[in-house]
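Residues per chain, in single letters:
Protein chains: 2
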Amino acid sequence: MATKDYVLSLVERAERGDRRALGRLLTILEDVSSETAWVLEYLAGRSRGAHVIGVTGIPGSGKSSLISRMIRVLRDKGYRVAVITIDPTSPLSSGAILGDRLRMQEHATDPGVFIRSVTTAGALGGLSLSALAMIEAFDALGYDKVIVETVGVGQSETHVMHAADTIVVVTMPGAGDDVQALKAGVLEIGDIYVVNKSDKPEASKTYEYMLFVAEKGEIGRSGAWKPVVVKTSSTLGMGIRELVEAVEKHLEYLRNSGEKLSRLSSRRRLLVKLLAEKIVLDLLDKVAEEELAKTHEGLEGFYKRAIEIARTTGEKLLNLKIQ
Amino acid sequence: MATKDYVLSLVERAERGDRRALGRLLTILEDVSSETAWVLEYLAGRSRGAHVIGVTGIPGSGKSSLISRMIRVLRDKGYRVAVITIDPTSPLSSGAILGDRLRMQEHATDPGVFIRSVTTAGALGGLSLSALAMIEAFDALGYDKVIVETVGVGQSETHVMHAADTIVVVTMPGAGDDVQALKAGVLEIGDIYVVNKSDKPEASKTYEYMLFVAEKGEIGRSGAWKPVVVKTSSTLGMGIRELVEAVEKHLEYLRNSGEKLSRLSSRRRLLVKLLAEKIVLDLLDKVAEEELAKTHEGLEGFYKRAIEIARTTGEKLLNLKIQ
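Listed in order, the protein sequences are those of chains A and B. Counting along the first sequence from 1, when you hit position 238 you're at 240 in the working numbering, and nothing is skipped either side. Counting along the second sequence from 1, when you hit position 59 you're at 61 in the working numbering, and nothing is skipped either side.
No wet-lab data here; the hints were simulated from the structure. The reader is advised that the hints may include incorrect statements.
If several chains are the same, the list does not tell them apart, and a pair holds so long as it fits within one copy or across any two.
The calculated EDC-like cross-link candidates involving lysine to aspartate or glutamate, where the alpha carbons are at most 20 Å apart (straight line), are [to be verified]:
id, residue 1, residue 2
1, K296, E317
2, K79, D112
3, K318, E37
4, K228, E247
5, K288, E317
6, K306, D33
7, K207, E217
8, K218, E244
9, K251, D78
10, K318, D287
11, K228, E261
12, K6, E217
13, K306, E317
14, K218, E37
15, K323, D33
16, K318, D284
17, K306, E43
18, K323, E310
19, K306, E37
20, K323, D112
21, K262, E247
22, K323, E293
23, K228, E254
24, K262, E32
Using the sequences and the accompanying hints, generate a full structural model.
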């Protein structure tokens, strides 16, 4: 187990630019437990107000290449950029994700860029907690922009998306039915909508459609911000500057309206809840293992045994000490 | 909330073949809570030893069509068949899943077949619990075969797969890299491996490869059962009878070796644990909502507040009553 001194030394070294120390710190945060939860408090106390940008959208819309292009523009503006890629899928699709990561490889040697993926290696539902914990670390360590990329399936990402300051939803020409499907999903949470691959012939039709639904107020979060639609081509590098400008404008809006603070607050509240869940489930896991090892049958009385496990977990929770 | 009398009347009506009552019962089980958990105990007490068949594999391998074909053969043998489709994805991919369900539509009017999907409408991690609860219902109601189909991504399905008596892993010709990726994922859990779409030219190469790794013991669960490889084409209806024979042979093996009972036992133990988790998380959810509503800031002290939420949940757990 990571001692307090060791974790603090990692933070210190990471602050001085030691990437390996940062990597280790992130590994601890990826599987934060009741023993290491204090570090979140510590990091949050050092928050420098990073801008958290969520990027989501339909599979195949070229999110990773787009982010890679965005990083270049953000770096030109002098920002330090962190990317957290959330992958809730099994090893089945690891090939695809690996490809995505390679697409961002061009920034591997840039000391102002740090890319990290979070996979389902941890507990269920733990993906969101891991990502939120990493956001706190990057924020404390002075990264100006923290981009959270999700592959766009599952519930945990929706979670994280809601925790972002600015949400970019990526779609592409000819997505047709997909765009309709999107409406039921992420279309309502975006601040900025990107029609990527806009070098394709059907691009303007999709773009017009997005503008139309944006105008009608059918997409976007509620609030004073009117969603922006941007055409890009990550292959040709087109529209990237416009996209970054829109992202910056949204940050300005958040700051002026006071929403930046309220988004930080809801992100922290989500973190509190997920952390509490993690603490409780970790305990329950141990209790269940002990309880279920007692009998090997498990063929009857299991409802009572579930309640018993829940109660024993309750008892242990009362003895929980703050580190 | 569903009263005890109401739930019992649903079970009774479902037993007499009332499909609408069965549908309602499944809806209750999909979101089982501490109030309705007793029904699981009740259903489990009426278990008739259904054969639970898990079907998993790479996306696009034609699992749904294959299952549809299998149902026909199983029906010819006089079995009653239930299908549970697990869909851990967001609305983003609902189109695809809808298509899958349509593929099984041909059985919609057969009173001996019941098809139900479970989506992420419920809580995170709740997918497995919903599926396990539904298995208990179908088992108690006399379905001989309960097929659990997963779209093949995410952790929750791996969970459910481990709870099946017989696991069928579906791949297809030319999957190449995917097969390699599969090795890291589900290839080690299969009892029967299917090379579907075997009308395609590269089919025999993939088939030979699967036979080779099966022979070498590189795939399949540990135990005395030697994994079987079957070539099928769900489009042409080829190899389906052979697949069903392999599934039946595996059941015979499970019965003779005593493994049928031990798999039931581990399925029930998983159910106990997931049920306990659900009970605890439901409580935590309420506690967190109350706690987090108290302050709207959430900018400091959140580590202590997480512990506080966990403790309060613990207190409430001690007051839990068995219904």
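Cross-check of the supplied hints:
1. K296 to E317: Intra 19 Å, inter 25 Å, cutoff 20 Å: intra-copy only.
2. K79 to D112: within (14 Å within a copy, 64 Å between copies)
3. K318 to E37: For K318 and E37, the Cα distance is within 20 Å only inside one copy (15 Å; across copies 23 Å).
4. K228 to E247: Within. Shortest intra-copy distance 15 Å satisfies the 20 Å Cα cut-off; inter-copy 60 Å does not.
5. K288 to E317: Classified as both: same-chain Cα gap 13 Å, cross-chain 19 Å, threshold 20 Å.
6. K306 to D33: So K306 and D33 pass the 20 Å test across copies only (18 Å; inside, 31 Å).
7. K207 to E217: within (15 Å within a copy, 54 Å between copies)
8. K218 to E244: Neither. Shortest intra-copy (22 Å) and inter-copy (56 Å) distances fail the 20 Å Cα cut-off.
9. K251 to D78: For K251 and D78, only the intra-copy Cα distance (17 Å) is at most 20 Å; the inter-copy one is 65 Å.
10. K318 to D287: both (12 Å within a copy, 19 Å between copies)
11. K228 to E261: within (14 Å within a copy, 61 Å between copies)
12. K6 to E217: neither (52 Å within a copy, 50 Å between copies)
13. K306 to E317: Both, since 16 Å and 18 Å are each at most 20 Å.
14. K218 to E37: Neither, since 50 Å and 44 Å both go past 20 Å.
15. K323 to D33: Cα proximity of K323 and D33: one copy only (19 Å, versus 33 Å across).
16. K318 to D284: Classified as both: same-chain Cα gap 11 Å, cross-chain 18 Å, threshold 20 Å.
17. K306 to E43: between (38 Å within a copy, 9 Å between copies)
18. K323 to E310: between (23 Å within a copy, 10 Å between copies)
19. K306 to E37: Classified as between; 12 Å across copies, 31 Å inside a copy.
20. K323 to D112: neither (42 Å within a copy, 58 Å between copies)
21. K262 to E247: So K262 and E247 pass the 20 Å test inside one copy only (17 Å; across, 62 Å).
22. K323 to E293: between (23 Å within a copy, 19 Å between copies)
23. K228 to E254: Cα proximity of K228 and E254: one copy only (13 Å, versus 63 Å across).
24. K262 to E32: Neither. Shortest intra-copy (25 Å) and inter-copy (38 Å) distances fail the 20 Å Cα cut-off.
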